[in-house]
Each structure stands twice: as C-alpha cells, then as structure tokens.
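**Q** If you're matching them up, the sequences are chains L and P in order.
Straight run, no breaks: the first sequence in this note's numbering ends on number 1742.
Straight run, no breaks: the second sequence in this note's numbering ends on number 937.
What the hints contain is simulated information worked out from the structure, not anything from laboratory work.
Incorrect hints may have been included.
[Said to hold, decoys possible] Incomplete in silico selection of chain L near chain P, CB under 7 angstroms:
1) H1613
2) A1629
3) S1632
4) M1633
5) R1693
[Stated by the list, open to error] Here are the computed lysine-lysine pairs in the BS3-like style, where the Cα-Cα straight-line distance is at most 27 angstroms:
6) K1636/L with K1546/L
7) K1636/L with K801/P
8) K823/P with K801/P
9) K823/P with K1636/L
A quick note: this is a predicted structure, and the numbers were derived from the prediction, not measured.
Yeah, the Cβ is synthetic: ideal placement off N, Cα and C, and Gly gets one too.
Listed below are the residues making up each chain.
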Amino acid sequence: MATPTPTSNQTPPGGGRRGAVALRASLRDPGFWSNNAVIFGLIVVVVVFTILSPSFFTAGNISDLLVSAAILVVLAVGQQFAIVVAGIDLSIGSNLPWAAALLGFAVTHGWGLPAGIALAIIGGTAVGVVNGLVVTKLRINDFIVTLGTFGVMNGLALLLTSGNSVPVNSGFMQDLALDAVGPIRYFWLVALAVAVVAYVVLFHTRLGTHLLATGGNRDAARSMGIKVDRIRIIAYTVSGLLVGLAAVLLVSRTGTADPSLQTDQLLSSIAAVVLGGASLFGGRASIVGTVAGALLLTVLINGFTLLDISQYYQPIAVGLVVVLSAVLSRFQR
Amino acid sequence: MIGENVGEQANTLLEVVDLDKHFGAVQALSGASLALSRGEITALVGDNGAGKSTMVRCITGVHRPDGGLIRFNGQEVRFHAPEDARALGIETVYQDLALVEDLTVWQNLYLNREITRGFGPLRLLNKRAMIGAAEQTLTRLDVAVPSVKSTVRRMSGGQRQSIAISRAISWGSTLVIMDEPTAALGVRETRAVERLITRLRDEGITVLLISHDFDQVMRLSDQIWVMRQGTVAGGRRTAETTGEQIVAMITGVNGGNGAKPAE
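Kindly produce the complete structure, drawing on both the sequences and the hints.
**A** Rendered as structure tokens:
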C-alpha cells in the first residue's frame, strides 16, 4: 500500500527518457494545462507584449510594473483568505479608500505619519472584523454582508474627507514607493513578504488547515470540533488587515489619500484569485496562483497602455481572461 | 431489567436505562433500555422511525434525554454536547462521514488534532510525523488507499468509509458508533468495510452498528438489540437466534417483548 499515484504535473524521478515520456503525456492532458493555466497565460502575454512593444521588456518598465502589481498582490492575497473559507470580500472596494482616507486624516490633523499608518491598518482590519462577525453571528450571506459594508464604508470615507483627496507629503512614503535595495524595490519586498507569510500560514499551520477545512466542508469541520465561526472571522480579519496595508502602499504610490471607490481593484482582486485556480466555493487555495494572477492582470493593463490601446478595452480584456480561466478550471484535477 | 445480573454488568461498557425523549408531541423514545458489552459488536436494528437515530444521538450527546440515564464504565454520564461524549472515548461515524474532500487522507485523519512542532505562535505542522503515523494506522487496519497524500476526492466510497472509521479509532476511543456504514457501497467494498469492523473488535474496541442489512447484522454482530416504536423490544445473542426471530421482533409479530439476551 501507500504507493504514490502519479499525478499529471509530477515528473517521475529518473529523468531522461521517462521524464520526456511523462512530459509528453502531461502535455496531452487538459488537467496539466488548466492546473498551470495562469503561469502559461502570464508567459504568453509577456512574450506577446515583448514582441509588440520594444519598451515592454525593459528593466525600467518591468520594475514599475511589479511595483504597481504589488498593491494588487496584497489585496488579492487578502481576497484569497475570504474566498478559501467559501466567502467573498466585496468591501475591499471601499475599505481600501476608507483606510487611505484615515491615513490622510491623521496626517492632515498633525498626528504624524506613524499614527496614520497604524490608523489605516487598524481601520482596514476593523472592517474585516465587522464583516466576519456579521457573517457568522447574524448568519447572513457573505456576499450581502460585504456588499453592505462596501456601501457603508464608501459613505464613511466620503464623510470623513468631505469627498476631497488630500496630499500626503512625506519623504518616507515617497521613498517607500520609489526606493530600492539594489534593484529590489521596497514594494516588491512588501508584496513578497505578504505572499510568503500567507503561504506558510495556509499550508504549514493548523490555522491554515482549519481555514481550508472550513471552506471545503463546513459541516465536517464543525463535526471534528473546529470552531468554524472563529475561523471565518479570522479569514475576514486577515482580508481587512491586508486592505489596510494595501492602502498604505496606495497612498505611498499616488502621494494622495483619495476617498473615491476602488471598484477596479476589487474586481481585479477577485479575478486574480480565480485566475490563480482557487475554488470560489472554498477549500482550495493557491498563493502562487493568486500572485501569478495579479501579475497577469497588471501585465495586461501595462501592455495595453504601452501599445496605446484605448483603456476602454482593458476591462473587456480582463473580463474575458477571467471567464476563460473559469472555463479552463472545469478541466482541473 | 438490565443489570439484574451482576456478572453481566462487569463486562458492560455502556448501559442505557429507561431513556425517554420527545420532540414536541412526538414520543421518540419511551423507556428504551439496552447495554453494550466490552469488545463486542452490538447491532441496533429496527424499522424506520423505531427510534434508532434518536437513541444514537442521545448516546453521542447530540440530544439530551428527557428521562432515564446512561452509564458508561459503570458511571452515570450526562452529555451536554458531542464533545463530552468524545472526551470519554465515544466516537461516531455518521453517514455523511465528515471528510473534507479537498484535503489529503492524512490531513483528514489528523483534522483538528494536528501534530505541530516549534514554539508558541510559530508552530508549524509536522507533516512527516502525521504522514508516517497515518500510513501506520491504515496499514495496521489493513485499509488500502493509493497514498495517504492523495486527496479524499480521489477515493472510492469504500475507501472514504474506511478512512472515516480509521479516524474514529485513531484516538484511543473505546466505543465506535457506526450509522449504516455500508449503505452506499458495492459488494466488494462492503466486504472490505466489514473486515475493518471485525478488525476493530479484534483490537478490543466496542462497536455499535446501526444497519438495515440483515445478513450483515447476522454475520458481524455478537449481540442484537431490536427497537420498535420508540422502545427496545428486546435483545438476542446473535449466535442463539435466527433471522426469522429478529424479523418477528422488528415487526412485533409473535411478541418479542421484554426478551432478555441469553448469556
């Protein structure tokens, strides 16, 4: 017993001929393509844009591209936590500007930048906690609850700021967005740290197993004594926390705290998770996939801009890519 | 009527005395009594609605009985939640099995009892230890799965049932309750699960088996309790009864009332 079954994307050791045979076999297997679709998609769009635009595959462009991807990576990893427990976090679209507005509010009222950053992260986290509590304690559908907080936080952010963006002039924030350790930009490090921590938590801790179990089969998890309400609250709290962190990055990058809705970021965060191969029904997660999904969406937008394609085509392309990936996922193993 | 015989009591693991339970106007159990002997397979049979499920849910702490008492190891016990029963070593394998399909076999075996290493908040899963122990458990119980690292989604119905049963006994439980363990299985898989059930008895575990499969009950059990209309109509040693007798007790023909199991 306990002989491992060969899976589609596992090349048996021994290499050489057997490896080639296995590779050919997996190339013919639709499961192989759909399991790694987002990686192939990313490679394809990078190659296509490199051919079409000479300025795409340059150090400067790639560096900036990865900086703008960093915010989406952080948001998408947060979204992944909500989705893995079979939930969804629509409130990201207004929690992001809300947390940014808190940062701007603190700075304009002279509380200082550290207080502003702390306030943004606490404010974002608080929205996550509320989402989790309402979803579990009042037993209301995730979609409805986060749609509700989406509206409420939008209003609160506009009330707090009277609808005005405020500039956040800070050397630290500018350095965060522009500076680097050697060629490594600070933003990449933040996104990488978030992805690595999320990966370790999801796949190497009890909490991660309980998140996956709660999303995969809530009744079974409950039968085994897992406190599923607590696990779901934690998932939404992590999502809110990462929105707060993303808001700090956003303010740093744009230099302003803008209270207006970030619907694009919301849709892209969900799209990145779907592209990454996670199940919207919960129980399956992929941090590598989610990061690749976020990169793919950012590359698409960047390439379109370089090619001077009207930005009105961008949402169409993003939408088609997401639907295509969902179709591919039907072949998933 | 049960426990009059002192010699029998010493070997009794679980005893249910005059249990009552009603849901609104419906009397689901009225004065139902039975006993399980240590290290035996006891079958609980009866028509739909006879009260088998309510009985099981009282024993496992899902329902609280309105009257009567439950003794476990000679001590009266009151369960407020399934965790209370589990803490005493009473595990239940429900029909839905409570497995998470997207998790691996070893993750399911160790769900919520994960082995970790490290300190404080930095505790990480000790995957190697859990995989090794899961393989050992399944080998010992002669449960064949392709790999403990495969997801449960890839497993057949019989394999899933065997995994759920293996999990139930992995924690030093003394009593395992199984609700229709082979209802959804084919012939060959049924045999494999039945072999596993007899193996549990060989390991000294007490089994309460709820089954509609008459042949199975006659084949596996040491003792049969028959429920009818919310009460226990009687019990028989399997070796000393026939299928006809049990059917008569289930349907109430030829009055099986108050029959006491022969030693």
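**Q** Which hints from the list above does the structure break, by number from lowest to highest?
**A** none
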